[in-house]
Structures are given as C-alpha cells and as structure tokens.
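Asks: Residue-level listing of the chains:
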Amino acid sequence: MEKSIKRYFPIFLGPTFLAFIIGFIVPFLMGLYLSLCDFRTVTDAKFVGFSNFAKAFQDAEFLHAFLFTSAFTVVTVVLINVIAFAVAMVLTQNVPGTNIFRTTFFMPNLIGGIVLGYIWQLIFNGILARYDLALKISAKYGFWGLVIVLCWQQIGYMMIIYIAGLQSIPGDLNEAAEIDGAGAWQRLWNVTIPNMMPSITICTFLTLTNGFKLFDQNLSLTAGEPMKQTEGLALNIFNTFYARVGYQGVGQAKAVVFFILVVGLGLLQLRMTRSKEVQQ
Amino acid sequence: MKKRLLTLVLCGVMALSLAACGGGNSGGSQPADSGNSGSGGAPAASGSVYYLNFKPEQDGDWQELAKLYTQETGVEVKVQTAASGQYEATLMSEMAKTEAPTLFQVNGPVGLANWKDYCYDMSGSALAGELASDDFALMDGSSMSGIAYVIETYGIIVNTKLLGDAGYTMDDIKSFADLKKVAEDITARSGELGFAAFTSAGMDGSSDWRFKTHLANLPIYFEYEADGIGDTEAIKGTYLDNYRQIWDLYINNCTCAPTLLSAKTGDDSVAEFVTEQAVFYQNGTWAYGDVADVGEENLGMLPIYIGVGDEANQGLCTGTENYWCVNKNASPEDIQATLDFMYWCVTSDTGLEYLCSGDHMGFVIPFKGNLESSNLLVNIANDYVAKGTTSIKWCFPTMPSEEWKNVLGSALTAYAADQTDANWETVRQAFVDNWAAEKSK
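Protein chains in written order, with this note's numbering: chain D, 1 to 280; chain B, 281 to 721.
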C-alpha cells in the first residue's frame, strides 16, 4: 500500500501542483517583477527599479486606506469572533432546532461578496431613504455598513469552526470543574477558552486576513465613497492600477507592500495565539 | 525510481510551457504595406480580426455584422464587448494575450497616451481616405493612431408633452435664465402637475459620467474658447460658478431629494423619464433606444445652457470619444484583415446599414458613406447645425485622467448632499488643483 502511494503520488499531486504553479506561483513571481516595471500589459514591461515604491509611499490616499482598513479589521475581528463564539456556545446547548440554525447562519457565506455588497446596498439605501439619506454620503455609514455586511457573511463560518472546537472538549473537564465548585464564568474562562485556543487561532487568523483583504464588498457597497474615505487597501490598489495612465506599476508596488504587510501581521498573530494553546 | 523522476520532470515541463504561453509576444512585427485593395468579395485572406468593442448597447449588432462579413469574405471576425465601465481593464488583460485584439479603441489624447506604443499608423490607408475630414483622425505626432468611427451629440432631452402640460414650449427656453425659470416653476407646482423638472442626477457609477464628464465639459469648453486653446496643463476654472449654477438647478429640481442622488442609477433616470415623472433628462443620441418609448412626437432636445457666451446661438454638444486603433503588434496578415474589415464596415451597403440605421447601431459616422439617420435625436442634432448654431466641442478627452473625473464626481456627490460653500470649494479643488496635479503625473 505504502509503496504504491510512493510510486503514484505524482499522478495525484501533479494536477493540483500544476494548477497551483499556474494560478499562484507564476502570477506571484510576475507580480514581484512587475512592481519594478513600467508597463501597460503584463507581458510587455520595462524595468524601472524602485521608483514605483517611492510613488506608492508618497501617496496620502494609500496611508488613509491603510488606516481605514486597520480600524475596520480591528472592529470586525473582535465582533465576528465574539459573536460567532457566543452563537456556537448557544448552539451546542441542545437547543431545539440546532441544525436548522447552524445551516441558516452558515448560508450567507455561500453567497459571493459582490452580490452581497449590492444586495446590502439596496437594503441600507432602502432604509436610509426614509430619512432622506443615502449610504454613500457619509464615511460613517459606509464603515458600519461594511462591518455589518462582513459580520453577516462570516459569523456563520467562524461559528462552525467554534462548534467543532467546542464539541471536541472532553465533557469530564467541565464536569470536574463543576464538582470543584467553579461557576459558569469560571468554567468558561478557565476550562472552555483555554481548550478552544486552536479554534481561536484559526478564526482570528481568518478574520484578520479577511479584514485586510476586503475587496468585493468594498467595491460593490461603497466603492470608496464619499471622497475615498471608505476605500480599503485592496480597493486602493485596484483603483491605482486602473485610474491613471502609467500607474499600473505603482498599483503593483502597492500590492507587494500589501502582501508583506498581511503576511507579517498574520505570522505575528499566529505566534501570539499559538503560545496560548494548551495540550489536552 | 527512474519512472518517478520522469513523471516529475514531465510535470515540470508542462507547467513551464503553459506558463511560457503568456510570455511570448515579442512585438515589433510590421506589415509590409498599409495600403489595401479594400472592399469585400476578395478570396479568404489568411488573417483574422479580433475586435474589442467598447459599446455594450451595440454588442448584438457587431456580432451580426461580424457574421455577415465572415459569410461574405471568409475572414474570421471575433467581436468581444467589455462590460460597461470595464473597457480599460479588459483591454489591459486582453492585450497581454497571444491572441490580442487586432482592433480596439481609445477615448482620445489621454487614452492614446496609454496605448500609443500599440497603435498602428493608419495614415495612407484606404480607411483614412474615407474620412469626411481629417479632424476625425487622432494623431500622435505624424502617426495616424486612431480614427473616429462615430460622432455623438448630447444635450438636455425634453419630454415636450410634459413641458406643454406645464404651460411652456421649447421656444420659451433660449438661455440659462429661461431654463432656470421654467425648472423652478415646475418644481414649485410639481404637486399639482405630478412630475418634476429633471430626472434624478444619479451619481452611481452607471450615471455619474453624465455630470463629472459631460456636464463638466461645458465650463472647460468655454474656458478653452475664451483662451483660444485646445488643451491645458493648468485649468483656471473661469466658469466654475456657472457649473455650480447648472448643478444646483439639476439637483434641486429633480425627482428626489439631493441627499439621495448618490444612490441613484442610470436606469433610475431612464425610468423616470420614460414613465413621465420628469421633463428634462441630460443625455445623448446614444440613448435614443432608451427614451423612444416616450414617442417621437414628444421628444425634443435643448442645449445645456450654463449662462455663458452667446446663448442664442448655442448648439448641442457634438464630438467623439471613440477612436478605432489597430494593434501594431498583430501579425501583418491580421493587420491587413483588420484594415479590410474596417474599410468594409464604412463603405459596403451592409456595413453602412448596420452602422447608421436606427434599427441597428444608429451612428452618425465621420465617413463619406454616412447615411441619413433614422435616430430621431440625431436628426434633432442635425437641425441645430442646420439652423446655424455653434456646436459645443467635446473637450473632455483632454481631461487629465480617470482619477480626475472620479475625484470630481465624489466632490459633486458630497456637495449635492450638503450644499455649502465649503463643499463647493472641494469641487473647485477637484476641478482646478487636481487638474494640474494629475496632468503632471
């Protein structure tokens, strides 16, 4: 058995590996190279060195987008994880109809971001129109609108991960704590949460990177209005790429900076939460 | 062990060869001669045509025309249309392919700056010889990089029946002051009349170009005229107050509260006009298909008066931002096939029928073969010219960048929601300061 796995692994691994190279590695390397180029189309580029990066860092809008995205990420990471955790707790308590609730909460995650953005735009504008207001006239509406959309989309997904985590905690731990006289809060803080750290690591990582990578919802819900005040990093990169003659390279440079930023933050977060994980 | 190695190597080779597909395109291949023998009937040439079309509303017609051309000549023509507002993005990715478009379009000098290294010099071609005037060629130095293929006109489309219901005729509006008087009177009586003066000046992406680009053309045009120039590195904003006047008039006399405009779409505007909720709708000849339901006898067009210059003789805004360009990096056979196809489109009966007839694209084309149009709005535009009015040129192809338009659009939206001097100052900055900033980038 093992021998045949050894013999045939390229057949099973090959196609996926190939797709990974074509769909990820090659574009990534091309992207790195293009960030140092002046180009119109990606196959016809002229090397110009680091001038694109200089332009990217001089761009005040890029900095604003960074601050907006950071604020957005902090808010959504906290909200999504706390709410998803709470919902998971409730739905592991043998409430009637648990499965229906789980399925329903998970469903928004199956809809694409662009569609969600437009649908929620209609909903928000429909409500705001009653007060003669619209989503795109204030950055505050845009910001909280995006928070609501992302929460609505992701809470269900994180909830499933948390439910799996909760179910894997051995029941005797809680029972023992109860017999020792621990109250509900004490059990939550000292038994459940320490045992949930692997799930928390995963969910924090996903929400953190999703917050930074926010694009579809941003594009379709607010498109950065008003006056680019709700423009996140990914949207800023997209707009830089297309809005000005000869700025494709600068957009690409921003994308490289963005990549380093997200990878750096992601690794930092993994290191921090991993260290809190306990062995059962 | 050996076999395994072989498999791995093969996998690697496959990956590399696929990756390399994207990297070809050495460029620089030049056809021998740009002159061509032209029209149809010739035996199948070896080249083929790939047209990346800009106008979604004409996609169906182009597809049919391409099929007819293939039937007639055997030359394969592929037409693909970019989604509305996505032309530049689509072009950028299509151009990177081995099978790149042989025929594409730019919107004028600014668009050409982006693509000039890809534009084949069409001077001396049979198509260039068909142009009614050399003004419709887009030159890059001495190279004829683009050729306009449609002339369009915009103004304020009027529902004359509703205007009559309000007690006015088209002749009552001869200046900005008249327009303002009529619009504000309609607004004052809108409860009793049951309609508003203007359709919503929607600032959603599907409609904001009517104001950040087309309406903004007027102050730019009048400034260019006053200064005797055709482009500038630093705009002064001489007529910005007039821009504000007309924008105020649009947003405060329309079907909805000005705070709601950021959410209104192009479709909203069309719907309001067609269902008789408003009298005035700023748009152009290309929108005839949308508004035809109002009925020919009820449609009129007014110049966009902003209170500058000789208003008695002001005409509609006429020009083009659609220039055909041929991809210089295509193979010589494909370039020849493309030039032949373009020539056929503007000279053969079938081509002209499709381009000019109101049943199809309804274009006015700047070529000698242009047919009389059955597009009512085009005929109205022709009447204005026949009356001796001065058409407003399209100066917006000289706008510095998409970025400039987008920033101006955002500023206009913010001002509409809260009409303070401070917010208009933001519009002024977006118009004047950002012009210089974007031009220098």
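Mixed in with the good hints, there may be bad ones.
From the structure, some residues in chain B lie toward chain D, with a derived Cβ separation under 8 Å [as the list claims (entries may be wrong)]:
#, residue
1, K347
2, E368
3, M372
4, E683
5, N686
6, S690
7, T693
8, A694
9, A697
10, Q699
11, D701
Within a straight-line C-alpha distance of at most 20 Å, the following computed PhoX-like cross-link-like pairs (lysine-lysine) qualify [unchecked claim]:
#, chain 1, residue 1, chain 2, residue 2
12, D, K55, B, K358
13, B, K721, B, K516
14, D, K46, B, K377
15, D, K140, D, K46
16, B, K516, D, K46
17, B, K335, B, K358
18, D, K46, B, K721
19, B, K721, B, K396
20, D, K55, B, K516
21, B, K335, B, K347
22, B, K454, B, K721
What the hints contain is simulated information worked out from the structure, not anything from laboratory work. Cβ coordinates follow ideal geometry from the N, Cα and C atoms, glycine included.
Asks: Each hint: holds or not?
Replies: So, going through the hints one by one against the coordinates:
no. : hint               : result
1   : K347               : violated, 29 Å
2   : E368               : holds, 6 Å
3   : M372               : holds, 6 Å
4   : E683               : holds, 4 Å
5   : N686               : holds, 6 Å
6   : S690               : holds, 5 Å
7   : T693               : holds, 6 Å
8   : A694               : holds, 5 Å
9   : A697               : holds, 4 Å
10  : Q699               : violated, 12 Å
11  : D701               : violated, 17 Å
12  : D:K55 with B:K358  : violated, 39 Å
13  : B:K721 with B:K516 : holds, 18 Å
14  : D:K46 with B:K377  : holds, 17 Å
15  : D:K140 with D:K46  : violated, 42 Å
16  : B:K516 with D:K46  : violated, 36 Å
17  : B:K335 with B:K358 : holds, 15 Å
18  : D:K46 with B:K721  : holds, 18 Å
19  : B:K721 with B:K396 : holds, 17 Å
20  : D:K55 with B:K516  : violated, 27 Å
21  : B:K335 with B:K347 : holds, 18 Å
22  : B:K454 with B:K721 : violated, 41 Å
Comparing the model with each numbered hint stated earlier shows that hints 1, 10, 11, 12, 15, 16, 20, 22 do not hold.
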